[in-house]
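Read top to bottom, the protein sequences are chains A, D, G and S.
Per numbering that gives the first Met the number 0, the very first residue in the first sequence carries number 0; after that it's consecutive.
Per numbering that gives the first Met the number 0, the very first residue in the second sequence carries number 0; after that it's consecutive.
Per numbering that gives the first Met the number 0, the very first residue in the third sequence carries number 0; after that it's consecutive.
Per numbering that gives the first Met the number 0, the very first residue in the fourth sequence carries number 0; after that it's consecutive.
Incorrect hints may appear among the rest.
No farther apart than 16 Å at their CA atoms in a straight line, the calculated lysine to aspartate or glutamate pairs in the EDC-like style are these [stated by the list, open to error]: (1) K230(D) / E139(S); (2) K98(S) / D9(A); (3) K98(S) / D189(S); (4) K211(G) / E294(G); (5) K217(G) / E86(G); (6) K136(D) / D251(G); (7) K292(G) / E139(S); (8) K230(D) / E294(G).
Distance windows between CB atoms, simulated [claimed, not checked]: (9) Q459(D) / N218(G): 51 to 59 Å; (10) F92(A) / G527(D): 32 to 40 Å; (11) A80(A) / F133(D): 28 to 36 Å; (12) I39(G) / I494(D): 29 to 37 Å; (13) I39(G) / A58(D): 32 to 40 Å; (14) S243(G) / I48(D): 36 to 44 Å; (15) F22(A) / Y123(S): 27 to 35 Å; (16) E112(G) / Q459(D): 28 to 36 Å; (17) A80(A) / K40(G): 49 to 57 Å.
With the C-beta cut set under 10 Å, the calculated list includes, among others, these residues of chain A facing chain D [what the hints assert, rightly or not]: (18) V75; (19) L78; (20) V82; (21) F87.
Simulated from the structure, these hints should not be mistaken for lab results.
None of the values given here were measured: they were computed from a predicted structure.
By construction, the Cβ of each residue, glycine as well, lies at the ideal position given by its N, Cα and C atoms.
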Amino acid sequence: MSNGKHHITDYKTYAWVLVILLFFTALTVFVSWFDFKALTIAVALIIASIKVTIVLTYFMHLKYDYLVFRLMVSMVFLLIALVFVITFFDYLFR
Amino acid sequence: MEYSAIENSYFKIGNKHKGLLGWLTSTDHKRIGLMYMYAIISFFFIGGILGGVMRTELARPGQDFLSAQTYNAVFTVHGVIMIFLVVIPGLAAVFGNLFMPIMIGARDVSFPKLNLFSFYIYMLGAVLAVISLFIGKGAPDTGWTFYAPYSTQSGTNVIAAVLAAFVLGFSSILTGLNFIVTIHRLRAPGMTWFKMPLFPWSLYATAWIQLLATPIVGITLLMLVAERLFKIGFFDPNLGGDPILFQHLFWIYSHPAVYVMILPAMGVITEIIPTFAKRKVYGYKAIALSSVAIAAVGYLVWGHHMYTAGMSGTARWVFSFLTFIVAVPSAIKVFNWISTMYKGSISLEPPFYFAMAFIFNFMIGGLTGLILGSLATNIHVHDTSFVVAHFHYIVFGGMGFAFLAALHYWFPKIYGRMYNHKMANWSCVIIFIGFTTLYFPLFIIGLQGMPRRYFDYLPQFQTGHFISTIGAFILGLGFLLIFINLVRSAKKGKITTSNPWGGLTLEWQIPSPPTVENFEEIPVITEGPYEYK
Amino acid sequence: MFGTGASNFVEGVDKTFFIIIGIGALFLIGLTMLMLIFMIKYNKKRHPIAVQVKERMSLELTWVIIPLIIVLLMFYYGYIAYKPMREVPEGALNIKAIAKMWDFSFEYENGKESNTLVVPFNKPIKLNLFSKDIVHSFYVPAFRIKEDMVPGLKDNFMWFIPTELGKFDIMCAEYCGVRHSYMMSSVEVIPEAEYNSWITQIKKKSMKEEMKGFEILKNNACTGCHSTDGSKLVGPTFKEMFGSDVTVITEDGKEQTVKIDEEYIKNSILTPDKQVVKGFNKGLMRPYNEILKDEDIKEIIEYFKTPDED
Amino acid sequence: MRQQPKTSNQKLETIMNHSITHTEHRDDLGAKMGMWLFIFTELLLFGGLFIVYAVYRSQYPDDFQIAATQLNTFIGTLNTIILLVSSMTVAMSITALQKGNKKLTIYLLGITILFAIIFLVNKYFEWGAKFHHHLYPGSELMLTLKRGELLFFSLYYFMTGLHALHIVVGMVILIVVLLKVKSGKINNTDFVLLENGGLYWHLVDLIWIFLFPLLYLIT
Ligand code: HEA
Ligand code: HEA
Ligand code: CUA
Ligand SMILES: [Cu+2]
C-alpha cells in the first residue's frame, strides 16, 4: 500500500505565504474603515475566502496531495454554501 | 458457548484476553458489530415496551393508568431511544461492522481502535439517556425533537437527554469516518468501485451523511444547553432568539438522519434479493448511484418538516419541490429490486419473506411521505397521527423489517448455525399482521384530524386507536417468537455450511463463523459481486 | 375519509389527496401484484434455472423519467391548492388569535374578547397569530388549515372562508407540554346577522376581573394551569385559596400543613418546588423569579385577597 | 476461495499473535484521510454556528454594528497575526522533519505551542475586560440590550469560546506530537502524526480567519 505522495515544501515558500496572508489581513482591517453599504460583508468574506484558500492550498498541502482530498474539500464547502442559500430562502423572503 | 464448527472463529479468539474481557477489549470488527447488536436489540426492547405502554394508555379516551406528564415523558424517551439508540446506529453499526470489511475483502476496518472507541461512546450516550430518566426533576418531556423554546423552559431533565443525543452523534460520526476511509483504502485488489457489493455502497453514502450532518445537530444541541445553563440566547424569544431557527438546525440534521436509517436497509435488501433470486442485480450502477443521489439531495430537503412553522412562502415551495425530487431515486431502487426477481429462480426462505415485507411497507411509507411532502395536504396532516403512521411504516416497516431480514440472512454466517425456518416464516407473518393492524388505522384517524402527542383524544377517534392497540400486542407476540427462535438457534441450532443461501459476495466464501483474520489470503477480485451464471 | 369539510380550502386539499393517494395506490397495487406474481411464477420449483436478463438503458431511463414527471405533477397540484392559503383577499375580517399554555383566546377589532372563535358565515376571516410563551399550532381539521403560533414571530397569519354553519374543533397541533392534548377550543360559524349582534355585546368584566392582578395572571398564562372557578387543572384552583389551609410536601419529602398567606404565595411563585401542594406534581410550574417583578406579585396577592363578589 | 481447513494449535498461535498486530499495518494516506474527514465535521460544526450568525446579522444589521464596537479590534488583529504565524511554523516543522532536522522541528513546534498560549492569554484579557464591564451572558446589563445586540454577544461568547476550546485541544495535540518527535516515534520516514497535528492546527486558523472579520470588523 502506498504511503502517500511526499512533496517537500521549502521554508521560503511558507514565508512568502505568510507574507501574503498578513497582507490580506491588513487589507481586511483597512477596508473595514470604509462603508461599502450592503457590500461590506461581501468584501470581508471574499478576502477571508482568499485567505482560507491559500491556507488550504499551501499550509494544508492540498496542492500537492491527492485529487480525492481536493474533491472532498470542495464538496464540503459547496454543501455548506448550499445549506446557507436554502436557509436564506426562508429568512430573505419572510 | 460452543461453536464447534470452526476452531479459530472469531468467537473463540479475540485478543490476548479471554472471556468477557476479551470481548470488551476486542478491536475485531466482528466482535464489535456483535456487541452493538446485543446492545441495540436490548434498547429496542426497552423502546418497544414503552411503545406498548403508550398504546395501552391510548386504547380508550381519558386517563387510564399514566398521567399526562408521564405519557409525555414516555413518548419522548421512546422517540429518543428508538431514533438515537436503535435506528440511527442500527444497520450500519451492526451489520456494517460485521460484514462490510469482509464484503470488500479486508481484514478489518481502517481504524479498529477507533471502532471500539465509538462503541464505548455509544454506550456512554446510552447511559446518559438512561440517567435522564431518573435524576433530577423527572424524564424529559419535550418530544424527541427538543423544540425550543419549550425545551429551554421545561423543568425536566432536558440537558441529560440532549447531551446523550450529542454523545451518540459523536459515535455516529466516528463510525462514518471509519467506514469512509475503510472503503477508500481497504478494498481488495481488483475490487474497483463498481465491483463493490451494494451494501458497502449504501454504507458509503450513509457514512457521508453521518459525517456531514451530525455536527450540525451537535452544535445545535450545544447551543440549547448553553441557553439553558448560561442564558446565552439563541432560540428563546425572551433572550432575543428565533425559535424557528432551532427547527431549521434540528432538521438540517434530522432529515438526513432518516436516510442514515433507510440507506443501509436498502443495501441489505439489495444483497438479499439477488441471492435468493439467483440473478445478477438489475441496474447495479443505478442502485449504487441512487444511494449517493439520495444522500446528496436528501441533505437539502429538511424544511418539509416545517411547512406550517412560519417559514416564508418561498421556502415552503422550494422545500416541497426538493422533497419530491428525492422520491425519484427511491423509486428507482424499488423498480430495480422487483425487476431483479423477474425470470429468477426464487427460493422462498425467511430472509426473502422479510425483504418482500420490507418492500411493501416501504412503498406505503414512501407514498404517504409524498402526501406529507405536498404543500396542500401537509397543512392538514402535519403533526397528526398520519405522520406517526408514515414514519413508523418507513422506519419500523422499512428499517426494522430490513434489520430482521439482515438478521435472518446473516445469522448462519454470524453463528455458524441455522434457525428453524418454519418458525421464522410464521413470525414474519405475525409481525406483518400485527404491524399493519397497529399502524394502518393511524393513517385514517390522522386524516380525520387526530393530532399526535395527544395523551387524550376526542371520542370519534376511539375505534382507530383501539384497533391499533390490538395490533401492538400481536406485534409483541411476533417479536417474542423471533426472539425465542433465534436465541435458541444461536446456541443449539443445526450447524450449517459456509454458504447456505448460495450467495456470491465475499462473506459467503469464507467459513461460518468467520475466522479472526477473515481471509487466509486477501482475495483478488476479477468479477462483479453478483455474477450468477 | 377526511371527516367534514367546511371551508374554501377543502376542495383543493382533498383533490390533491385523491390525486396523490390515487397514483400511489396504483403503484402500490401494481408493484405488489408484480412481486407476488414473480414469487409464484419464478419460484425455484417452477423455474429452476434463472435467466440473466440484460440491462437495458431505455428501461432504466423510463423509470427515472416517468416517476419524475409524476412527482412534479404531484408537486404542482399541492402547490396550486396551497397557494391561495397565503393570499388573503381584500377586506377580510381581522381577528387576533393568541395562544398560551394552554388555551386560545381571540380578540376582535372592536376590543371584544372571546375564548371561542365566532365568525360570520361565508366571509373571509384573517387570523393574526400570536403566542405568549412557546410554539403552539392552530389547527381546524374541518377547515384543512394549520399554522404554528410562534412567540416573537411578526406577521404570522392564516385565513379562510367558512362555508358551512356549525361548530368545529380547534386543536393545538404543536406539542406544548402537559396540557397539550386539552388545548382545544371551537370555531362557531353563524349567519352574518347573528354575528353582527354578537360582536356588539361586550360582556362587562366583573370587578375582580378588572383588577391588575388578574391581568397579570392571564398574561403570564397562570390561568392555563390554575382555574378561577374551582375546577382542578394542572395546578390547584385559585378560587377561595387565600386564607385556607393546604397540605404541602417539602423538599425533604415531609408533609406539612400551612396557612396560605402572602409569604406562602410569594414563595409558591418564586420557588414552586420548595413546597409542593399534595396531590400535584413537582416540576410542572417553573420558578417565576425572572419573569414576575415584585410589584407584579404584590398585585397578584392583592387579587387573591379580594373576595369573590357573588 | 476454498473452505479453510482445520488449523493445528500451532497455527492457531501464530494467527493469534498475528491478529493482534495485523490491524496495526501502516496506511499513512488512510490516516490522513481520516484527519481530513474529521476536519470536515469541525467545519460543519462551525458551519452551523455561522448559519445562526448569518441569520441574525441579516435580521439585525444595525444592532450588530453597535454591539461590535464593544470588541477590541486591536486584540482581534493581534490574535489573527499570531495564528497565521503559528500556522506557518507548524507547516515549516514538517519541512524540517522531512529534511531530517529534528532539532529544528522541535523548536518550531515549541514556538507554535507558545503562540497558542499567547493567543489564550490575549483571549483571557479580552473576555476579562468584558466581564469587568458586566457584559457577559445572563448579566443584568445584557438583558437591557436590544435584541440584536444581545444576540451578537451570545454569538461572540459562544463562537470565540468554542474556538478557544479548539485552541486548547490543538495545543494538547501539538504537545503530544512534540514529545513523539523527541522520542523518535515520529521521524522522517513516519511523520503522518505530525502532518495530522498540523492539519488540525490549520483548521483552528481557518475558522479564525472567518471569525475575525465577522465579529471584530463590523463597522
Ligand atoms: C427511515 C426514515 C424515513 C424515510 C426514508 C422517509 C422518507 C420520506 N419522508 Fe419521512 N419522516 C420520517 C422518516 C422517514 N421518512 C420521520 C421519522 C418523520 C417524523 C419526524 C417527527 O416529526 O417526529 C418523517 C416526517 C416526514 C415529513 C414531515 C411530516 C410533518 O411533520 O408534517 C415529510 C414531509 O414531506 C416526509 C416526507 C418523506 C418523503 C417524501 C420521503 C421519501 O424519501 C420517500 C420515497 C419513497 C417512495 C416514493 C416509495 C417507493 C417508490 C415507489 C413505490 C415507486 C412509485 C413512486 C413514484 C411514482 C414517485 N416525512
Ligand atoms: C425505530 C423507531 C421506532 C420504532 C421501532 C417504534 C415502535 C413502536 N412505536 Fe414509536 N415512535 C418513534 C419511533 C419508533 N417507534 C418516534 C421517533 C416517535 C415520535 C416521538 C415523539 O413524538 O417525540 C414515536 C411515537 C410513537 C407514538 C405516538 C405518540 C404520540 O404522538 O402521542 C406511538 C403511539 O402509538 C408509538 C408506538 C409504538 C409502538 C407500539 C411500537 C412497536 O412497534 C414496538 C414493538 C416492539 C416491542 C413490543 C418490543 C419487543 C417485544 C417484546 C419484548 C415482547 C413483549 C411485549 C409486549 C407484548 C407489549 N410510537
Ligand atoms: Cu398548545 Cu399544544
Ligand atoms: Cu424529513
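So, going through the hints one by one against the coordinates:
no.	hint	verdict
1	K230(D) / E139(S)	holds, 11 Å
2	K98(S) / D9(A)	holds, 10 Å
3	K98(S) / D189(S)	holds, 13 Å
4	K211(G) / E294(G)	holds, 11 Å
5	K217(G) / E86(G)	violated, 33 Å
6	K136(D) / D251(G)	holds, 14 Å
7	K292(G) / E139(S)	holds, 14 Å
8	K230(D) / E294(G)	violated, 24 Å
9	Q459(D) / N218(G): 51 to 59 Å	violated, 34 Å
10	F92(A) / G527(D): 32 to 40 Å	violated, 48 Å
11	A80(A) / F133(D): 28 to 36 Å	violated, 44 Å
12	I39(G) / I494(D): 29 to 37 Å	holds, 32 Å
13	I39(G) / A58(D): 32 to 40 Å	holds, 39 Å
14	S243(G) / I48(D): 36 to 44 Å	holds, 43 Å
15	F22(A) / Y123(S): 27 to 35 Å	holds, 29 Å
16	E112(G) / Q459(D): 28 to 36 Å	holds, 30 Å
17	A80(A) / K40(G): 49 to 57 Å	holds, 51 Å
18	V75	holds, 7 Å
19	L78	holds, 6 Å
20	V82	holds, 6 Å
21	F87	holds, 9 Å
Going down the numbered hints, you'll see the structure goes against 5, 8, 9, 10 and 11, while the others check out.
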